[in-house]
Each structure stands twice: as structure tokens, then as C-alpha cells.
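J.: Quick mapping for you: the protein sequence lines, in order, are chains A and B. The numbering of the first sequence is the UniProt record's numbering, which starts it at 1 and goes up by one. The numbering of the second sequence is the UniProt record's numbering, which starts it at 1 and goes up by one.
Please keep in mind that the hints were generated in silico from the structure rather than gathered at the bench. Heads up, the beta-carbon is just placed ideally off N, CA and C, and yes, glycines get one too. Hints are supplied without guarantee of correctness; some may be wrong.
[Claimed, not checked] Among the chain B residues that face chain A by a calculated CB cut under 8 Å, a handful are:
1) A14
2) R15
3) R17
4) S18
5) S39
6) D42
7) E44
8) G47
9) A53
10) R55
11) M56
12) P82
13) D83
14) P84
[To be verified] Simulated pairs of lysine-lysine, DSS-like, Cα-Cα distance not exceeding 25 Å:
15) A:K215 / B:K153
16) B:K150 / A:K215
17) B:K16 / A:K215
18) B:K161 / B:K108
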Amino acid sequence: MLETVLKAFLILLYATFVGFMFMGIIRIVTARIHRRVGPPIYQPILDTIKLLSKKSNITHGLIYDFGIIYALGATILALMFIPLGSISILRAYGDLILITFLLEIPMLGIMFAAMSSGNPWAGLGAQRALLTLLAIQVPLGFAIVALAEFYGTFSTYQIVMAQQSMGWSITHLPLLLAAIAYDIVLQAMFGKEPFDIMIAPGEISLGPMVEFGGKHMGILQIQHAIALFAETLFFSNIFLGGAVITAFASPILNTIASLAVLLIKQIAVLMIAIFIGAIFPRFTIDQAARFYWKWPTIIAATGAILAAL
Amino acid sequence: MVDWRLFEPLFEFARKRSLWIVAFCTGCGGIEMPPLMTSRYDLERFGMMPNPAPRMADLFLITGYVTPKTLKRIIITYEMQPDPKYVMAHGSCPLNGGIYWDAYNAIKHLDKYIPVDVYIAGCMPRPEAVMDGIKKIMEMIENGTADGWKRYKENYEYYKKNQDELFGEGWREKEARKWIPWLMDKRREE
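Build out the structure end to end from the sequences listed, making use of the hints.
T.: Here it is as C-alpha cells:
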């Protein structure tokens, strides 16, 4: 029991730290693409410390506080279900639909908080975010169906184990199509550029985030870090083969090696998102909905049909 | 309870190194802001970020002359920011009116209405001068002399008196209700 709690705490600590590093990498790489120097890599940690150390704080009621905590909790729960190399605490229950569902719950928590603040910009951003959330469901669902159809199981851990013998998911054509669709969806889940309609800095003044200041925003930064980690981890687990290293004799070395392999895969997923995000301008919300229901849906549906044949 | 004073040096370092600017471009200085953010004089090196929301901003740049109409918005934006907040006034117009010293419609001393931490002289100041001012404000945050937000709390009567002298008593309510008659007329026309 105590060991499980300790393990969960360590996973959380690792995910938060790596997530913050990912946020720093996003800012540095974007700066380098713009020919800028960019902030140091630990900049998001400083931002979070600063936001948490604000001396005054505003609140708009119970739901405003609760929504933030709810978003953070849902992200942590999602993280616990995803197999992280050989260590994970709830991996026996971590099936695809549950994790996909849990990765979208945080957005609802942020929506609760934003809507209860009464700011019209936050309400507008919430509406856009909910429409984006609705739009990404269709390709996401088809990609999950393709995976489940191909491997005959919903369990993420079994999919990782199957990839050890059959090769990575993206080497099979039907799953490659699903992975492409999922990667386009990831862009909206990260809130990166072509589909950052819900945040839309400059257009609707940060959208749902507009009323969050001080500690609320600090907790949201932590949530964003963990969500980045969890989403990239989920993608590398189901499409890039995860990591089960058994080359070394000692289990600790194996664990460290599998974490390192996973980290490389996660950074690869992140880099694609950054490069796409840095060179594409933002869609309007109606274009984004139409786009998601057209191209990624066609690609993912083709993948699902091919997997079923 | 944890004694948070122990962590104060860490907090001061974080505050110093992650000043988020509220993007409120008044007057000509708005033109001087984009060069600071873009690739030549990259301010993101110091962890600064332009931010459209006042709730998560720390540094308020007043970039140029301030008319009474803008000053109302500036005061409201300033009061929306959470507490360790700093104001930097750009150019000579917020300092003493600049070339608008005899204009009926420009504020001569910004410091009478909101507390300013750092002034930068010049019309317009070069981006290097602005970066010098930012370096100055970072030093001031480190040794605790950037205390405009404390002064605003302690001397609120003084600032409120000056604001009310300029705009008249109850200007916030008046400003909020200003458009209601016009909207009612519009509705009647339809």
C-alpha cells in the first residue's frame, strides 16, 4: 500500500518536472524558429513559482476554485492509468477509451471555472473550446477503433506488449493512418497553433484563461505540464511502441533505460507539434470544425476500415 | 503553518525573472513594443511575455501620453492585476506631459494617479533604453524597492483624491452606464 502511494508520488513528481521541461522546450524551439534566443529551459517553473507566490488572489465563488482542482485531479488520474515503461500503478485498468476520456476532462474543469467567472471573453473561449472538443471526438474515436480492431484489445499495456513482438503501430498501414489522424488531434489537445482557437491569444484575449490570475493560473500551469506529459506519453505508448527494455540484468537500469527511450519518443511527438504550431496560423472555429470532420475523419475511418478487413 | 518568509528570496528571483507584461499600448510607444518582443531585442530572454489579460500580468508598461479617457481604463486595469505589480512609464509624456505640456487633454503627471516604479526618458526611448529600464526594475525587485503596489494601498486616499478631482466623483459608475441611453435609443429605432 505504502509502496504504491510512494510510486504514485514519484510518477507525479517525474511527470511534473518533465512536463515543465517540455513547456520550456516548446518556448525555446519556437524562439529558435523565430531566430530569437528564447527563455531558459526552466522558465515555466519560474513562472509557476511567481504565480503561486502572488500576494493577492481573486475568486468568483466555489465553482471557480473547484473547476481548477478538478482539472488538475483529472489530469493526474489520467497519468496514473498510462503505462510509463515498466512502472505504472493502474495499468491493468488503463484502457484506451478511459484514458482518452480522462485526457479531455481537464478542459471541462477549466470550462466550469471560466464560465462561473462571468467574464464574457471567458464564456466565448469556453464555447469555442467545447466546439473544438466536439470536433476532435470524431477522428479520435475512429483512431481508437482502428487500434482496438487491429490488436483485439482495449488495454494500453497489452497494446504496448503486442508492439514488442509485432513492431511499432505506425509500421502497419491502417494504424499509420490512425496515427496521422491522432497527431492532428493532438495539436488541438495541446492547444497548439492551427487549433488553439480556445485560447486564441490576441484574438479573444486568452479565452477561458482570461480571468485566472495568481494561484489559479499557477495550478493551471502545473496541470498543463502534466497534461503535456500524459498526452505525449499516451501517443508514444499506443503508436510508437512504448518502451519495455529487458537488455540489462538489473531492474533499476532497465527502468531508467525505458524511461529514457520513452522520453526520446515523447520529445519527437512534441517536436512535430511545435514545428506545425510555429508555421501555421490559426483557424477560425467553423473552419476547424469543418476540417476535423473532413480530413482527419476520412483518414482515421480509412484506417479503421483497413484494420477491420 | 509554513513560514513563507524563508522562501522569499526564491519568490523574488522568480518575480524578477518572469515579468509578464499586460499588452496595453497607449500612444506612440505601442510602436516601440513589437521590436522589443521580436528577434532583434528579444525580451523573452528575461522571461518576459506580452499577455493580453490583466489578471496574470505583473508589469504594466505605460507607453506614451495618457489622456483622461485612457487613464480611466489604465486605473481599472491596474487595479485588476494581482498584487506584486510594477509600473514602468515610457517616454517623457507620462513623466511631465512631454510635448503635450499645454494640452487640455493629456495627463501631466502620471504618478499622481497610479504609482510608477521606473521612468524611462526619451521620445521615443530606444529599445536599449527600455531594456535598461527593465534591468533597473529587476534590480529594484531584487532589493525590494519596487513597492508601487504597496504605496498604492497605503496612500490610496491620495490617489483616489487625485482621480476624483480629474474625473469627478463616481466616475466608475458613470463610465459603466455611459452607453446605456445610446443602446436604448438604438433599440427604440429598430
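J.: Please go over all the hints and tell whether each is borne out by the structure.
T.: Hint by hint, here is what the structure shows:
The closest approach between the C-beta of A14 (chain B) and any C-beta of chain A is roughly 4 Å, which is under the 8 Å cut-off, so the hint is satisfied. Checking R15 (chain B) against chain A: minimum C-beta separation of about 5 Å stays under 8 Å; hint holds. Restraint check, R17 (chain B) versus chain A: the minimum CB separation of about 5 Å is within 8 Å; hint holds. Restraint check, S18 (chain B) versus chain A: the minimum CB separation of about 5 Å is within 8 Å; hint holds.
Hint status for S39 (chain B) relative to chain A: holds, with the closest Cβ pair at about 4 Å, below 8 Å. For D42 (chain B), the interface hint holds, since its Cβ comes within 8 Å of a Cβ in chain A; the closest pair sits about 4 Å apart. The interface hint given for E44 (chain B) is met, as the beta carbon of that residue sits about 5 Å from the closest beta carbon of chain A, less than 8 Å. Because the closest C-beta pair between G47 (chain B) and chain A is about 5 Å apart, less than 8 Å, the hint holds.
The closest approach between the C-beta of A53 (chain B) and any C-beta of chain A is roughly 5 Å, which is under the 8 Å cut-off, so the hint is satisfied. Using the Cβ-Cβ criterion of 8 Å, the hint placing R55 (chain B) at the interface with chain A is satisfied: the shortest such distance is roughly 3 Å. Checking M56 (chain B) against chain A by beta carbon gives a least distance of about 5 Å; that is within 8 Å, so the hint holds. Taken as an interface hint, P82 (chain B) checks out: its beta carbon lies about 4 Å from the nearest beta carbon of chain A, inside 8 Å.
A cut of 8 Å between beta carbons decides the hint on D83 (chain B): the least distance to chain A is about 4 Å, and the hint holds. Contact between P84 (chain B) and chain A, as hinted, is supported at the beta carbon level, the nearest pair being about 6 Å apart and thus within 8 Å. At roughly 21 Å between alpha-carbon atoms, K215 (chain A) and K153 (chain B) fall within 25 Å of each other, so this suggested pair holds. Among the hinted pairs, K150 (chain B) with K215 (chain A) is consistent with the structure: their alpha-carbon atoms are about 20 Å apart, no more than 25 Å.
Distance restraint check for K16 (chain B) and K215 (chain A): the Cα-Cα separation of roughly 18 Å lies within the 25 Å cut-off, and the hinted pair is therefore satisfied. The hinted pair formed by K161 (chain B) and K108 (chain B) meets the criterion: a straight-line CA distance of about 16 Å does not exceed 25 Å.
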